[in-house]
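Chains as they are written, first to last, in numbering that gives the first Met the number 0: chain V, 0 to 104; chain P, 0 to 214.
Derived by calculation from the structure, the hints in this document are not laboratory data. From a predicted model like this one, the values you see are computed outputs, not experimental measurements.
The calculated DSS-like cross-link candidates involving lysine-lysine, where the alpha carbons are at most 27 Å apart (straight line), are:
#	chain 1	residue 1	chain 2	residue 2
1	P	K141	V	K54
2	P	K45	V	K86
3	V	K68	P	K141
4	V	K96	P	K45
5	P	K141	V	K34
6	P	K45	V	K34
7	V	K68	P	K139
8	P	K69	V	K34
9	V	K86	V	K47
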Amino acid sequence: MTDTSSLMTRLPNDIGGVPADHIVRSEHELEPWEKRCHALADVLDFRKIINTEEKRRGVEALGSEIIGKLTYYERWIVAFSNILFEKRILTPESLSKKIDEVSLR
Amino acid sequence: MDPKEPKHDDHGHNHDHSHDAITASKNRSYYEIMEIAVRELLVEQKLIGADEIRRQIEVLDSRTPALGAKVVARAWVDSDFRSRLVADGRAACEELGISFYDDTQLIVLENTDTVHNLIVCTLCSCYPRPVLGLPPDWYKLKPYRARAVSEPRSVLAEFGTVIPDNVEIRVSDSTAMVRYLVLPNRPNGTEKYTEEQLAAIVTRDTMIGVAQVKL
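Produce the complete structure using the sequences and hints provided.
Okay, structure coming up:
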């Protein structure tokens, strides 16, 4: 029998106490866009648009494959986009158009 | 001609300037472009100000473990401050001019001869950012988050920190609203140190709890 119960008892972020590898003491200076992304998160919180807990749940809602493959701030910006769609602040169309416009600069 | 050198005379005009700006823009990842797009749309809708992002970047740049070290050194030399710090971490930091730019509370955990504290955020990456700045990558990655709560002694050993078995290790798991800071033990041999000299020996890792203050 395949044990699927762990899928219900632990969401992707809930990893406290699970077996894991040795610690690799990795550090890196944030890239400029990563720092901007962090500042955006803070401003969204100050402006009561997206708070920390909503952001965390937004990342969790990406599912384990995306969480596993994207980097930390990549997960954040994708989660922000989804949350802003849900809140009817942005639409997928407006974002897609803006992404095309920014790509051409 | 070096084959790696791009040929610049094949698109209708000759020029000797580099194409660095264009190359840089071509190197932007999909997610970096998404960050620019989301931010600009929010600014266009006047939900956030472009200046607000710039100001917050300055705030982030101004937060380093030196602030936490100042708090720890003050607590070591001023027992009244120490009591206020343990009673209300945020208010005591604000006394020293360290503003909290978010809604978080700060609980300061005192190390003693019998207790060693360690902080983690198992769910994500919550961290006492107003006093320490942004967390290191390892704090946000699975091995630390998963293992700090279940096998803290092994985790500490991987940081080269060996805590005697008769010292209890307490692990505090941060949340979106409640953040922790470890108040490490003041090492012997620092009786004549000034407050500034004390602050200079307090590192980030000692305030996370993965290291002890050493001379």
